[in-house]
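Protein chains: 2
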Amino acid sequence: MTTISQKQWIYRRQPTGQITTDHYQLVEQALDTTLADGEVLIESRYFSVDPYMRIGQSSKPTYDADPHPLNTVQQGAVVSQVLASNAPGFADGDWVQSYTGWQTHARVHASALKRIDPDLAPVTTALGVLGMPGRTAWFGLTESGKPHAGEVVVVSGAAGAVGSLVVQFAKRHGARVLGIAGGPAKCDWVRNTLGADWAIDYKAFNNADALGADIQRLTGGVDVYFDNVGGMVTDAIIPLINRRARIVICGQISQYSGGLETPELGPRLLHHMLYQRATIQGMLARDYLHRMDEMTRIVGPWVKAGEIVFEETVINGFEQLPSALNSLFTGDHRGKLLVKA
Amino acid sequence: MTTISQKQWIYRRQPTGQITTDHYQLVEQALDTTLADGEVLIESRYFSVDPYMRIGQSSKPTYDADPHPLNTVQQGAVVSQVLASNAPGFADGDWVQSYTGWQTHARVHASALKRIDPDLAPVTTALGVLGMPGRTAWFGLTESGKPHAGEVVVVSGAAGAVGSLVVQFAKRHGARVLGIAGGPAKCDWVRNTLGADWAIDYKAFNNADALGADIQRLTGGVDVYFDNVGGMVTDAIIPLINRRARIVICGQISQYSGGLETPELGPRLLHHMLYQRATIQGMLARDYLHRMDEMTRIVGPWVKAGEIVFEETVINGFEQLPSALNSLFTGDHRGKLLVKA
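Just so you know, the sequences run in chain order Z and S. End of the first sequence sits at 341 in the UniProt record's numbering; the numbers just go up one at a time, nothing left out. End of the second sequence sits at 341 in the UniProt record's numbering; the numbers just go up one at a time, nothing left out.
Treat the hints with care, since some could be wrong.
Since the list gives no way to pick one copy over another, a pair counts as held whenever it fits inside one copy or between any two copies.
What the hints assert, rightly or not - With a Cα cut of at most 25 Å, we get these calculated SDA-like pairs of lysine to any residue:
1) Lys203 / Leu289
2) Lys60 / Asn242
3) Lys60 / Ala213
4) Lys304 / Arg291
5) Lys203 / Lys304
6) Lys340 / Thr16
7) Lys203 / Asp117
8) Lys60 / Asp214
Keep in mind the hints are simulated off the structure, nothing from the lab.
Take the sequences, apply the hints, and build the full model.
Listed below in structure tokens is the structure:
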């Protein structure tokens with residue numbers, strides 16, 4: 001039996017607040033590399049860390065009935081290269097995407113792999129603009145947000161992997177776009193690099209009324225609110241919606257470190273939905289997986305032509321994965337956060 | 001100049017909590033009955049009192065930019081009879097509907113009147129099942145709720161003018177219906193007379209978790225929530241929504257005595273929208289005014305055939321109008337609340 005040394009991050013304990021290494025354990029073991037018919041041995045190159053991972057750690061039912069199981073490899077999307085193949089159509093060195101999670105190597109059936117064309121765009125885009133975050137931004141905006149030229153689109157988490165794309169996609173629809181992000185550096189990037197009409201640093205405000213007054217001053221009212229964060233930012237925006245506004249609930253990251261278990265209190269604002277005959281719609285990227293071709297047909301050429309900013313922050317080292325996940329909620333990264341093996 | 005004695009309830013002061021006679025003043029004056037070309041003199045017979053009247057008293061922008069003006073007659077829908085006419089098509093004794101508000105008589109242009117056919121149904125139905133409450137129930141359910149046979153529809157305020165119709169319309173769509181109302185008498189009526197599958201007295205619960213557990217036990221999950229009340233009842237239901245649930249915000253009456261000015265605090269629950277890819281949609285009856293013919297074509301024959309329960313609670317006496325409005329929020333009436341002149 002030929003083996004290879006395989007490292008894995010095992011999810012051991014449910015976090016109640018921030019992620020620490022207490023919640024994960026790094027293990028190393030021998031992986032038998034003997035391949036059955038149809039199997040492929042892959043080596044992980046880039047790991048995606050995404051806010052949704054924190055939702056799966058809630059003990060209450062979320063988008064799945066059960067939380068991420070304890071004592072298993074942390075699930076997640078990975079870009080890998082083929083080390084050895086016993087499957088037609090896969091050869092050594094091929095780039096592939098899989099959901100094999102936080103492990104350095106995996107032996108998987110070829111049906112669990114999706115090929116990546118390294119000539120179309122950098123392979124990491126399979127975890128970003130041409131992957132789940134891009135799909136979320138594109139379909140969340142087009143199917144739920146439905147922006148029109150001249151409308152005001154507000155994006156929370158505007159410097160994040162999804163938000164930074166929503167800003168750009170909304171601009172391409174002819175909308176006037178306000179990005180909300182944390183800190184002046186992110187706001188500069190949102191306005192000057194992504195092309196938002198306005199950017200607001202929510203950290204400069206200590207209550208929703210003051211934040212809302214500034215949003216109102218800049219925009220005059222909100223037609224589409226693409227929400228990645230929830231909490232105080234959402235409290236500020238709901239009273240500012242225009243007639244028939246569309247609020248897209250894509251994420252609620254301000255609530256992911258405890259608020260999913262025991263809800264925070266916030267102001268009751270549903271009466272504004274009534275006044276403005278507005279809509280709040282929750283969306284998940286998985287519902288559009290079968291429609292990736294529609295998005296790729298449009299966004300792929302923009303990416304190839306260099307017209308879309310898809311900044312990546314790459315953290316080096318498999319060992320950094322738990323702290324990288326945590327830094328999604330605390331860090332200063334822009335765009336897509338990745339860990340390089 | 002011939003005159004007639006006209007009584008009016010003048011809206012004098014913005015209420016912050018419940019309505020009292022401090023907020024209204026009864027005045028009596030002479031009304032010149034000389035009719036210009038196209039004018040009609042009407043005598044009010046039945047006044048509608050509706051929860052929306054409290055929204056218009058908020059000092060903040062609601063569905064109208066400005067609140068109901070002070071020192072004017074309280075606006076509202078009225079069923080009247082023609083006393084004298086100088087307009088073609090209107091004759092003494094004709095029944096008409098208008099928005100002339102809380103006054104015993106009015107001289108109005110014929111274009112402000114809508115004829116009522118007393119042979120189709122009792123004239124008071126123009127303020128109920130064949131008027132604004134019926135329109136709200138019908139279009140709120142069909143256009144926003146979109147129930148399917150076999151789905152679970154939950155209706156808050158199920159014994160009210162709108163809710164009692166939603167229960168019946170949802171049953172006709174083949175849905176399984178839970179009505180939520182205040183007190184055992186209303187719940188008996190919702191179940192035994194309106195035909196709901198289940199009824200729950202929310203007053204028997206002192207927190208949303210306990211109420212939610214009972215709703216879950218009965219229904220197994222909620223596909224459509226038609227919300228007239230907001231507050232604790234809504235807190236109980238949002239965590240129970242099924243995949244792609246539709247929440248219709250028709251009213252938020254638990255918030256109308258202060259919560260529109262200074263929002264109450266409640267649990268942040270928008271993350272559930274994400275998990276279930278659910279929709280919250282606000283609706284107002286006025287958006288469907290031009291589509292009354294669609295509703296009348298379907299609901300009119302049901303009413304004529306006696307297949308719809310449209311109970312009315314009639315309070316006698318023009319002097320009772322302010323206390324009648326208040327009793328919408330405190331009283332034990334079922335169905336539509338009216339004041340008879």
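**OP:** Measure nothing new, just compare the shortest in-copy and cross-copy C-alpha distances for lysine 340 and threonine 16 to 25 Å and report within, between, both or neither.
**Re:** neither (27 Å within a copy, 59 Å between copies)
**OP:** Check lysine 203 against aspartate 117 for me: Cα-Cα at most 25 Å, and say if that holds within a copy, between copies, both or neither.
**Re:** Close neither inside one copy (40 Å) nor across copies (61 Å); limit 25 Å.
Original post:
Under a CA distance limit of 25 Å, which applies to lysine 60 and alanine 213: within one copy, between copies, both, or neither?
Top reply: For lysine 60 and alanine 213, only the inter-copy Cα distance (14 Å) is at most 25 Å; the intra-copy one is 36 Å.
**OP:** At 25 Å max between alpha carbons, let me know whether lysine 60 reaches aspartate 214 within a copy, between copies, both or neither.
**Re:** between (36 Å within a copy, 18 Å between copies)
Original post:
Which holds for lysine 60 with asparagine 242 at a C-alpha limit of 25 Å: within a copy, between copies, both or neither?
Top reply: Between copies only: 15 Å across, 34 Å inside.
**OP:** If the cutoff is 25 Å on CA atoms, where do lysine 203 and leucine 289 land: within, between, both or neither? Let me know, please.
**Re:** neither (34 Å within a copy, 45 Å between copies)
Original post:
Between copies, within a copy, both or neither: which fits lysine 203 and lysine 304 at Cα up to 25 Å?
Top reply: neither (35 Å within a copy, 61 Å between copies)
**OP:** At 25 Å max between alpha carbons, let me know whether lysine 304 reaches arginine 291 within a copy, between copies, both or neither.
**Re:** within (20 Å within a copy, 49 Å between copies)
This entry does not satisfy hints 1, 5, 6 and 7, going by the numbered hints stated previously.
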